[in-house]
Amino acid sequence: MQLWFQTPPAQRSILSVLIPVALLLVFCCLASLFYGAGEVGPIDVMALLMGGGSDDARFVVLELRLPRTLIGIFAGLSLGLAGALMQSVARNPLAEPGLLGVSSGSAFAVAIALVLGASTATLSIGLAQLGALLGCFCVMGVARMQGQRNDPIRLVLAGAALSSLLIAMTSLLLLYNERAADEIRFWVTGSIAGRNVDQLLSLLPSFVIALACVVYVARPLASLALGERVAIGLGYKPGRIRLIVVFAVALLVGAATAIAGPVMFVGLVVPFAARALVGPDIRRTLWLCLPIGPLVILTADVFSRLVAQPAEMPLGVLTAMVGAPVLLAIVRAHRLPTL
Amino acid sequence: MMNSLPTTSAESTQTKVPQGYVSLTLGQFTCLLDHGAIRRNLLLLGLVILASIASLAIGTVALSPWQVIQALFGYGDALSQFVVQDLRLQRLLAGIYTGAAFSLAGCLMQTLARNRLATPGIIGIDNAAMAFAVSSVVSTAISIAPSAMALAGAATATALAFGLAGSSGTRGYRFIVAGIGIGAIAGAITQLMLSQVDIDTANAAYPWTVGSLSARPELMVNILGGGLFFCLIACLLLTHLFSLLPFSDAVITGLGSSTKWLRLSSLSLSIILTGLAVAVAGPVGLVALIGPEMARVFARYRGIPLIGSALAGAFIMVVADLIGRTLLSPIELPVGIVTSVVGGPYLIWILMRQRSKSTI
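Chains as they are written, first to last, in numbering that gives the first Met the number 0: chain A, 0 to 338; chain B, 0 to 359.
Where hints are given, some of them may not hold.
Selected chain B positions facing chain A (Cβ under 7 Å, derived; list incomplete) [unchecked claim]:
#	residue
1	Leu163
2	Arg173
3	Ala177
4	Gly180
5	Ala183
6	Ile184
7	Ile336
8	Ser339
9	Val341
10	Ile347
Pair by pair, the computed Cβ-Cβ distance ranges are [said to hold, decoys possible]:
#	chain 1	residue 1	chain 2	residue 2	range
11	B	Leu327	A	Pro7	54 to 62 Å
12	B	Ser328	A	Phe136	33 to 41 Å
13	A	Val229	B	Ala203	58 to 66 Å
14	B	Ala214	A	Pro204	45 to 53 Å
15	A	Gly232	B	Gly35	53 to 61 Å
In silico negatives: residues of chain B with every beta carbon more than 12 Å from chain A [what the hints assert, rightly or not]:
#	residue
16	Leu23
17	Asp33
18	Leu49
19	Gly58
20	Leu71
21	Ala77
22	Leu78
23	Asp85
24	Ser134
25	Leu191
26	Gly225
27	Ile232
28	Leu244
29	Ile271
30	Val296
Just so you know, the hints here were simulated from the structure itself, not pulled from any lab data. Every value quoted in this text rests on a predicted model; they were computed, and no experiment measured them. Positions of the beta carbon are idealized from the N, C-alpha and C atoms, including for glycine.
Make a model of the complete structure from these sequences and hints.
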């Protein structure tokens, strides 16, 4: 019998990959509950899960670590799916919401809202999604204008330019208005610490809509990967599919940015790993992105608590340190794979 | 612009000077100077002087241009002398030096890579120099260390970008994206260091992370001035060699120059300039991209507009700093934010243009 890692990625049965990854994710969730900068260690948490436990442990786990873990799972799901969708529709393995300025677009929109007088909780999610949508359109416009035959790497440059512009304008607004600066400060590098679950619940509706979009576009996207003509021949409308994908990406990235800040490189690493495991078919890749996204964010988050004890490292720093080498690996690959 | 062609004096008397050039003989060397280029560079120089006077005159204490000029040469009343010489001159010099250094480094790098997007800021050299400079600030308190460390950082990032781009060398976009990755890692390391130290040290290191000209240490500005002077002289002496860079390797070798040496010299000049400038002002976004471009538009010179780039960079930096100081006063915008807001759309525009822009 052939073992799963001996078969080519595209021929593996999806369950044989999905189940080990999901098990890893369960371990990671437990680690995220067990470890942290405080005194509460694995034994206390186990006691709590068995029904006992001290008040300290109850507070730390239920009020601090559990929300954090949930938010990490949510952000990982959103960013991973958004990355896979974006790469598929741009036919470019380097297309990543953070690199392309979509996250900075939503951060900028929130900054505008704060300067105009909104408080973080009320307005930010919708506006973040709106900003992400605008960022998406800008980048996609640039990508369309270049045409297909151009080097996929140029898209990344356009994105880098757009995001540096948006970041500069965000900091301009924040210098102008100190109240906004105070509220948005923890946004500038991504972090999933210190949010509460209510915010997460308010994101659920848009997340469900985005998931429905993903389910709807998965098959058309797979045929679009064979070329626009094939997709038209199979009865799909490429323009409409792209529009729905951009909409879904904006919902996902906006929601993730609203709750975790701009976390770079997750949308790059997750689909990259998924493709390495199950091959380039977008339907299989999307399934794999579901567990890998949270896995990446939670692993990074657990490390961010442990590396710099008793302080914490910003999550965005860790994802950049993991993600940038992956970017280099993709770029260094002999022939850039076009999706 | 100078095109020093080393010929013997016997030949130079026989050579006819081409139209539009003036020949200048110094001992056994003869320079051919392009009339038009001289005129346009003088125009740029005039712009720099005008911007400098404006920068010295405008502020919380408004002075007239005449008062500024008087105070510069030690005349005029005590107040204006104090404002100009003690408060504003240092900042102006920092702006001129850093602008010229960034822009000259950008021009060299663009020429070397034959790609106008290959500026030190975009390929992560700025960020790495910043990371090293911040590391020296958070760990030691020796004032010369940031300059040296920034140089080391710039050299490291360049070596990494070249190494990681692999066989494709400096040509093409692969080199640039490798640099973007390195820049992201360096930025993350900087964030990490700033989040680890106490608030006072973090505040001391903060100006490096945004790109600011406010209250820069005098010693580092002077080091940059010295380095800039040295690099400008070197550039002038090597102009005739650098103008070979746009040709293919075979042509360069055929004309009797070593490609390796040519690359090494232009790259190391670029690293020195970037490192020293980052040590003063931090990574100021996109000056290295806009400066050479402005020089190209202005100078319409066939060769490489090295002097023009330095002048245009200085002009952009002084104007950006002036805007940053006055636009939202009393709040002061860091100069890096002003240049990013102006330069970002320009960069996107370059990328969107249909014509292939991969070569200069």
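Cross-check of the supplied hints:
no.	hint	in the structure
1	Leu163	holds, 5 Å
2	Arg173	holds, 6 Å
3	Ala177	holds, 6 Å
4	Gly180	holds, 4 Å
5	Ala183	holds, 4 Å
6	Ile184	holds, 5 Å
7	Ile336	holds, 5 Å
8	Ser339	holds, 4 Å
9	Val341	violated, 9 Å
10	Ile347	holds, 5 Å
11	B/Leu327 - A/Pro7: 54 to 62 Å	holds, 59 Å
12	B/Ser328 - A/Phe136: 33 to 41 Å	holds, 35 Å
13	A/Val229 - B/Ala203: 58 to 66 Å	holds, 60 Å
14	B/Ala214 - A/Pro204: 45 to 53 Å	holds, 50 Å
15	A/Gly232 - B/Gly35: 53 to 61 Å	holds, 59 Å
16	Leu23	holds, 42 Å
17	Asp33	holds, 33 Å
18	Leu49	holds, 26 Å
19	Gly58	holds, 18 Å
20	Leu71	holds, 31 Å
21	Ala77	holds, 34 Å
22	Leu78	holds, 30 Å
23	Asp85	holds, 26 Å
24	Ser134	holds, 15 Å
25	Leu191	violated, 5 Å
26	Gly225	holds, 31 Å
27	Ile232	holds, 33 Å
28	Leu244	holds, 22 Å
29	Ile271	holds, 25 Å
30	Val296	holds, 20 Å
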